[in-house]
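Visitor: Residue numbers (numbering that gives the first Met the number 0), protein chains in the order written: chain P, 0 to 252; chain E, 0 to 252; chain A, 0 to 252; chain S, 0 to 252; chain C, 0 to 252; chain B, 0 to 252.
In case anyone wonders, no lab produced these hints; they're calculated from the structure.
From the three backbone atoms N, C-alpha and C, an ideal C-beta is built for every residue, glycine too.
There's no promise every hint is true.
20 Å max Cα-Cα, derived SDA-like pairs, lysine to any residue [as the list claims (entries may be wrong)]:
#1 S:K89 with B:Q189
#2 P:K89 with P:E219
#3 P:K165 with B:D171
#4 B:K226 with S:D193
#5 P:K226 with C:G172
#6 S:K226 with A:E170
#7 E:K226 with A:K165
#8 E:K226 with A:E170
#9 P:K89 with P:G67
Here are the computed distance ranges between Cβ atoms for each label pair [unchecked claim]:
#10 C:E22 with B:A151: 53 to 59 Å
#11 P:R157 with A:D143: 40 to 46 Å
#12 S:R150 with A:A62: 32 to 38 Å
#13 S:R145 with A:Q152: 49 to 55 Å
#14 C:A65 with B:T13: 52 to 58 Å
#15 A:K89 with E:R150: 30 to 36 Å
#16 B:A151 with C:S1: 50 to 56 Å
#17 P:L235 with E:R150: 22 to 28 Å
There are 6 protein chains.
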Amino acid sequence: MSVHVRVITPIISTGLVQASDFEGILDPDDTLDFTELDEGPASVESGYDAALAVPDTIAKIRAAEAEGVDAVVIDCMGDPGLVPGRECVKIPVLGPCQMAMSIASTLGHRYSVLSISRATHASFLRRAREYGVADKYASTRSIDIRVANLRAQSDLRRERLLVAAKAAIEEDGADTLIIGCTQMFGAARQLEQDLAAEGLDIPVIDPVPLTVKLAKTFVEIGLSHSKYAFATPARLRAEERPAPPLTAVGSNG
Amino acid sequence: MSVHVRVITPIISTGLVQASDFEGILDPDDTLDFTELDEGPASVESGYDAALAVPDTIAKIRAAEAEGVDAVVIDCMGDPGLVPGRECVKIPVLGPCQMAMSIASTLGHRYSVLSISRATHASFLRRAREYGVADKYASTRSIDIRVANLRAQSDLRRERLLVAAKAAIEEDGADTLIIGCTQMFGAARQLEQDLAAEGLDIPVIDPVPLTVKLAKTFVEIGLSHSKYAFATPARLRAEERPAPPLTAVGSNG
Amino acid sequence: MSVHVRVITPIISTGLVQASDFEGILDPDDTLDFTELDEGPASVESGYDAALAVPDTIAKIRAAEAEGVDAVVIDCMGDPGLVPGRECVKIPVLGPCQMAMSIASTLGHRYSVLSISRATHASFLRRAREYGVADKYASTRSIDIRVANLRAQSDLRRERLLVAAKAAIEEDGADTLIIGCTQMFGAARQLEQDLAAEGLDIPVIDPVPLTVKLAKTFVEIGLSHSKYAFATPARLRAEERPAPPLTAVGSNG
Amino acid sequence: MSVHVRVITPIISTGLVQASDFEGILDPDDTLDFTELDEGPASVESGYDAALAVPDTIAKIRAAEAEGVDAVVIDCMGDPGLVPGRECVKIPVLGPCQMAMSIASTLGHRYSVLSISRATHASFLRRAREYGVADKYASTRSIDIRVANLRAQSDLRRERLLVAAKAAIEEDGADTLIIGCTQMFGAARQLEQDLAAEGLDIPVIDPVPLTVKLAKTFVEIGLSHSKYAFATPARLRAEERPAPPLTAVGSNG
Amino acid sequence: MSVHVRVITPIISTGLVQASDFEGILDPDDTLDFTELDEGPASVESGYDAALAVPDTIAKIRAAEAEGVDAVVIDCMGDPGLVPGRECVKIPVLGPCQMAMSIASTLGHRYSVLSISRATHASFLRRAREYGVADKYASTRSIDIRVANLRAQSDLRRERLLVAAKAAIEEDGADTLIIGCTQMFGAARQLEQDLAAEGLDIPVIDPVPLTVKLAKTFVEIGLSHSKYAFATPARLRAEERPAPPLTAVGSNG
Amino acid sequence: MSVHVRVITPIISTGLVQASDFEGILDPDDTLDFTELDEGPASVESGYDAALAVPDTIAKIRAAEAEGVDAVVIDCMGDPGLVPGRECVKIPVLGPCQMAMSIASTLGHRYSVLSISRATHASFLRRAREYGVADKYASTRSIDIRVANLRAQSDLRRERLLVAAKAAIEEDGADTLIIGCTQMFGAARQLEQDLAAEGLDIPVIDPVPLTVKLAKTFVEIGLSHSKYAFATPARLRAEERPAPPLTAVGSNG
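Just need the whole structure built from these sequences, with the hints factored in.
Guide: Structure (structure tokens):
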């Protein structure tokens with residue numbers, strides 16, 4: 000069974016994200032394409048950025064379903080558009096923050112998120128609560144590097160991730176880690192190795208590849224979000240259905 | 000001290016909401032004005048609707064601060080734009096769902112929300128968790144009437160609110176109730192009386208008047224949300240500040 | 000609408016609390032008076048002190064309702080008499096600890112209490128649980144100054160509050176603070192400024208002025224605690240009602 | 000090792016409680032005496048009643064320690080005076096509600112309380128939260144009989160306890176039950192048998208005998224409440240210690 | 000990348016489980032084999048059964064790793080041996096109950112388990128707490144059919160699953176369902192259809208196929224449980240390592 | 000009433016545990032005997048060890064009931080066999096970890112466990128959650144000494160326990176402590192004294208003597224675990240009952 004998953008990167012095109020970033024995650028006979036936004040922010044580093052990304056993210060999710068795409072992954076740890084996007088479609092819509100936190104909860108007893116800036120700490124705690132996986136949430140630690148600099152400052156990034164990881168493990172009790180930004184390509188494996196070199200055998204989740212894989216799994220197995228929980232908005236249901244006959248007007252239902 | 004509070008109704012103008020709806024909530028020497036959106040949905044009955052309302056709601060919140068308004072109330076139980084709006088400004092931004100749930104938690108031991116449709120149940124539970132007041136959340140019960148019909152079907156609304164209220168009290172253990180839609184004007188007092196007539200002495204919160212009053216209180220007392228928790232987005236901070244001198248370029252901080 | 004709020008300071012008169020302490024909280028045409036106890040402790044610094052304060056506090060709450068006062072505020076962070084007082088009357092009875100914790104929960108993601116002594120730490124945690132707002136409770140930190148010395152040692156108080164506040168923020172993750180004793184007049188604004196001087200933009204709640212304001216708001220809006228949750232004690236109900244006719248004697252119900 | 004436990008029944012003498020009620024709980028060479036209050040309510044059926052009982056209950060607890068009694072049990076499901084009483088003494092002070100809920104948590108997965116009136120429901124939930132054992136709390140169900148009538152109406156009591164118990168089991172998921180009033184002598188064993196007759200193998204806790212036994216156990220094993228958690232009130236510590244020498248006056252510590 | 004996953008069915012061979020039950024879950028070039036126990040129970044319908052299954056399940060997990068198998072799935076909703084098994088090996092060991100609950104938490108807001116007997120209810124609640132996903136746990140409902148009869152009584156099973164599912168949805172608030180026994184082959188899809196026929200659009204998780212897929216995903220992506228959380232037992236570490244040189248004897252480490 | 004309690008030490012005999020270790024816990028006319036396993040590990044220092052101990056522990060529990068023993072205590076902080084053991088018998092089966100955590104919850108506001116190795120930390124948190132007493136769980140701290148060395152290295156043990164205890168109190172907020180291994184005889188009293196010498200008035204629970212005492216109390220008072228919660232396994236019920244008459248075969252129930 001070949002599957003078509005679409006990654007929606009909820010920013011306007013900046014050249015930062017490339018199709019090649021996602022190569023090799025799925026099998027050769029699967030289709031994994033990605034799209035960016037026509038309207039939205041240049042990066043998502045705050046709730047404000049995320050909010051501006053949502054309307055066009057929803058549009059891209061609806062378009063994906065209309066085009067026959069099998070599942071959608073939102074390429075941002077803020078999971079922007081996850082709830083409204085799910086309301087609008089029946090195909091699986093997955094957010095990397097939710098999936099990473101849920102899988103982290105199965106791998107150990109306490110997980111921490113390693114994020115780009117202190118400004119995001121509160122939002123990760125908020126999300127853990129919203130997703131019902133706060134029991135195993137230990138902390139968020141951050142490295143204080145802007146998204147735009149993550150690739151250029153890769154040595155600094157590596158160094159600070161190790162410091163943040165060790166603080167999370169030693170001071171906050173974490174035994175499992177999540178990379179808290181989808182733009183830190185390759186950081187998870189590197190950090191696992193750096194920790195192992197210090198005798199710390201800790202899994203580090205790279206959220207997007209994991210979430211893309213899970214999206215494929217959901218499709219293969221026939222699972223999607225509960226439409227009973229994420230009901231189709233009334234105004235979209237109206238569009239789907241033919242208008243009621245005139246004689247029905249006036250009745251109350 | 001006279002205070003200027005602005006109610007932002009996060010829908011495009013439909014004639015449904017009138018300035019007169021808010022008359023008399025504040026004192027004569029206060030200013031209470033309201034605005035609707037230029038772009039957004041015609042009503043908020045889903046997460047999808049709420050998401051479409053957010054960008055212009057944020058713009059209206061920023062405009063309010065720029066105009067010297069003292070505090071803003073978002074006139075919708077979905078609290079659309081609450082988090083990103085708070086990031087963008089320093090003046091208090093209040094959501095009626097958060098304030099109603101928090102005040103309900105102080106009035107009794109378990110509160111229920113009386114909502115318009117089953118589709119909203121999940122979102123109220125999600126919000127109670129996000130706001131940290133889930134310990135006293137009992138349930139959401141709904142009356143299954145579309146927003147557009149709430150005024151026309153006021154008898155049906157009254158009848159169904161009573162049924163829903165009694166179910167919340169008797170089956171879910173609620174002792175305090177919240178009207179779960181900001182468009183049910185007058186419903187709270189009516190329901191309190193209908194319950195009292197059956198011997199049930201239960202406070203019913205009408206969220207918007209309460210929240211407007213609390214906004215004024217916050218202003219008078221000098222309180223606002225924590226900017227440490229809702230940090231100003233980096234891209235807005237950049238706008239605020241003059242560019243750094245050239246000599247600083249290249250340093251990493 | 001002019002409102003009559005009474006502050007009940009649950010200690011015997013020591014000269015420490017003055018009517019002038021509450022000046023200016025409400026509007027000129029409102030009435031804000033205060034009373035102390037005839038019987039009780041000289042200060043409330045333990046659960047023992049609080050317990051001794053409760054009986055006369057309840058009496059003062061009942062007297063207030065009988066005199067036509069609109070709402071009562073208990074002037075102590077132990078909220079002594081809150082539950083039994085609410086059972087005895089229908090007018091709003093507010094405790095500054097409950098209201099401060101509930102409002103703090105709306106302003107940020109984690110709040111800490113700054114208290115006078117380590118002996119009170121456990122009681123703040125216990126209260127946060129009881130009030131259903133423990134999800135956002137970060138910690139209590141204390142300054143180790145006896146109540147009787149708070150005014151005389153105001154420089155020490157200021158210095159230690161800043162140290163405690165920074166520990167709460169940096170080590171416990173607080174983004175919102177509550178002054179944990181009602182006798183630290185003026186401390187909240189001072190601490191906010193001292194924190195701002197270090198770049199920490201953190202709201203600090205002064206519980207009594209906030210609670211007095213909220214009491215007025217409750218009166219104006221017609222809200223009070225749920226009598227269904229805080230039922231009138233059977234022995235007081237009996238007093239309220241005329242004796243049943245003799246023929247009813249012997250029936251069981 | 001023979002132990003001296005004192006039961007403090009926090010009501011004035013009404014003839015309702017008899018020394019014989021406690022016969023046979025401890026061993027012949029132990030001492031189990033009981034005392035009622037000189038000042039307080041005639042029964043405890045509300046938070047108001049409980050509050051009025053507290054000051055003399057504390058006095059009786061202090062007197063017990065002064066007399067060399069080994070441990071104290073408060074004979075009321077409201078646990079009145081538990082926290083302040085513990086602050087005042089070092090000998091174990093046990094409340095039957097706390098002990099019954101904690102032991103119930105070890106016997107099954109969800110426990111319910113069977114109480115005298117709906118007015119007490121909220122207080123049991125509040126207490127479960129305060130004691131940190133709310134995870135296994137299922138519900139409170141009540142039988143609507145006044146304390147004064149519990150002995151006279153023993154058939155009605157039995158019948159209604161069975162109805163309440165079955166509702167707790169079948170509707171609320173309880174597998175363990177607690178008798179919610181210390182004045183229902185003999186009810187626990189009777190209810191266990193009545194449930195067994197319907198095929199329901201459910202332990203029913205009679206709180207006072209259990210708590211008296213646990214008090215003895217604490218004494219024998221050398222356990223008491225944490226004085227670090229329940230610190231001796233400053234004004235009582237002052238009494239305990241000789242005044243500091245004059246030369247120390249003026250130093251700040 | 001071809002992957003070798005082994006399903007360990009923690010019962011002795013009864014002919015009930017067949018290799019063909021797992022056909023088609025993975026790709027043709029993957030290896031999915033299964034093994035039963037040499038010593039253990041004939042079915043797992045209690046904690047007792049599960050306990051007896053654990054020692055040989057651990058042995059089979061260790062053997063799998065020694066043989067070069069890539070990941071192991073325990074084929075039982077009791078997840079017997081999950082914790083000790085993970086301690087013993089580095090390859091992923093997955094339990095269908097944990098994975099189904101964690102994925103269910105991502106698909107909706109409240110999930111229920113549909114189990115074979117009331118005797119299992121408590122253990123599902125216990126497990127949800129242990130796994131940190133109790134926030135979204137709604138209930139367990141059961142169909143009262145013994146494992147040995149599940150295939151023979153497939154019509155009864157279908158009928159009762161529908162009744163249980165509707166009770167979970169309507170009375171317990173579930174929007175997502177989990178089949179609570181790994182021996183109900185085909186039940187999930189059937190139940191989804193039966194619910195859809197009544198207008199209820201609810202995902203139903205069939206735990207084993209999902210868990211097998213996730214095991215493959217973990218292997219492909221290089222994830223396994225945290226060895227820092229599930230540390231290798233000291234007595235196995237000793238086996239792994241050469242004995243320390245004699246000169247080290249006597250030192251204390 | 001004389002009581003027969005059996006301690007089951009879930010390891011094979013190593014000479015480490017002696018009958019004399021339990022002398023003096025019960026009264027002279029009570030019977031307190033102990034047994035070790037025929038098959039199992041030599042010590043329990045991991046989940047793996049615990050799992051291997053369970054089958055014979057269950058057998059020993061069943062044998063105890065068959066022999067007329069009144070109650071059983073499992074002598075290991077992992078509580079191995081607690082759940083399946085309870086399923087198999089009606090007499091009380093108590094685990095020292097569960098009882099110590101539950102009693103600790105009644106003595107203070109936050110408790111910590113002092114354990115032998117970091118490898119056990121996760122399991123104590125897991126157990127606190129499972130037992131429903133996680134609200135007051137502060138932390139686990141460990142001393143890094145192997146079980147086999149606990150007696151020989153008693154000075155090191157004492158020293159490290161004090162360090163761990165102070166860290167738990169000062170950094171984790173504990174006010175009550177639990178010795179986290181049943182092989183640290185005498186450590187609790189010693190540590191209480193060492194803490195008292197530093198002015199820290201903290202109860203330290205020695206789990207096994209406490210649990211043995213509680214087992215006796217349960218017997219005297221007629222309490223045991225809920226058989227409704229820990230239902231007898233179907234295969235054991237079948238053994239208890241005579242086979243149904245042949246005519247019943249084929250009917251479905």
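Visitor: With reference to the structure, classify each hint as holding or not holding.
Guide: Hint check results:
1. S:K89 with B:Q189: Holds: S:K89 and B:Q189 sit about 19 Å apart, inside 20 Å.
2. P:K89 with P:E219: Judged against 20 Å, a Cα distance of about 15 Å means the pair holds.
3. P:K165 with B:D171: 19 Å, holds
4. B:K226 with S:D193: 15 Å, holds
5. P:K226 with C:G172: It holds: about 14 Å lies between the C-alpha atoms, which stays within 20 Å.
6. S:K226 with A:E170: 26 Å, violated
7. E:K226 with A:K165: The given pair, whose Cα atoms are some 16 Å apart, holds under the 20 Å limit.
8. E:K226 with A:E170: 18 Å, holds
9. P:K89 with P:G67: 11 Å, holds
10. C:E22 with B:A151: 53 to 59 Å: With Cβ atoms ~57 Å apart, the hint holds.
11. P:R157 with A:D143: 40 to 46 Å: 44 Å, holds
12. S:R150 with A:A62: 32 to 38 Å: Cβ of S:R150 to Cβ of A:A62: about 36 Å, so the range 32 to 38 Å holds.
13. S:R145 with A:Q152: 49 to 55 Å: Holds, since S:R145 and A:Q152 (Cβ atoms, about 53 Å apart) stay within the stated range.
14. C:A65 with B:T13: 52 to 58 Å: 28 Å, violated
15. A:K89 with E:R150: 30 to 36 Å: 32 Å, holds
16. B:A151 with C:S1: 50 to 56 Å: 52 Å, holds
17. P:L235 with E:R150: 22 to 28 Å: The hinted range 22 to 28 Å holds for P:L235 and E:R150, with Cβ atoms some 24 Å apart.
The structure is inconsistent with the numbered hints 6 and 14, although it conforms to all the rest.
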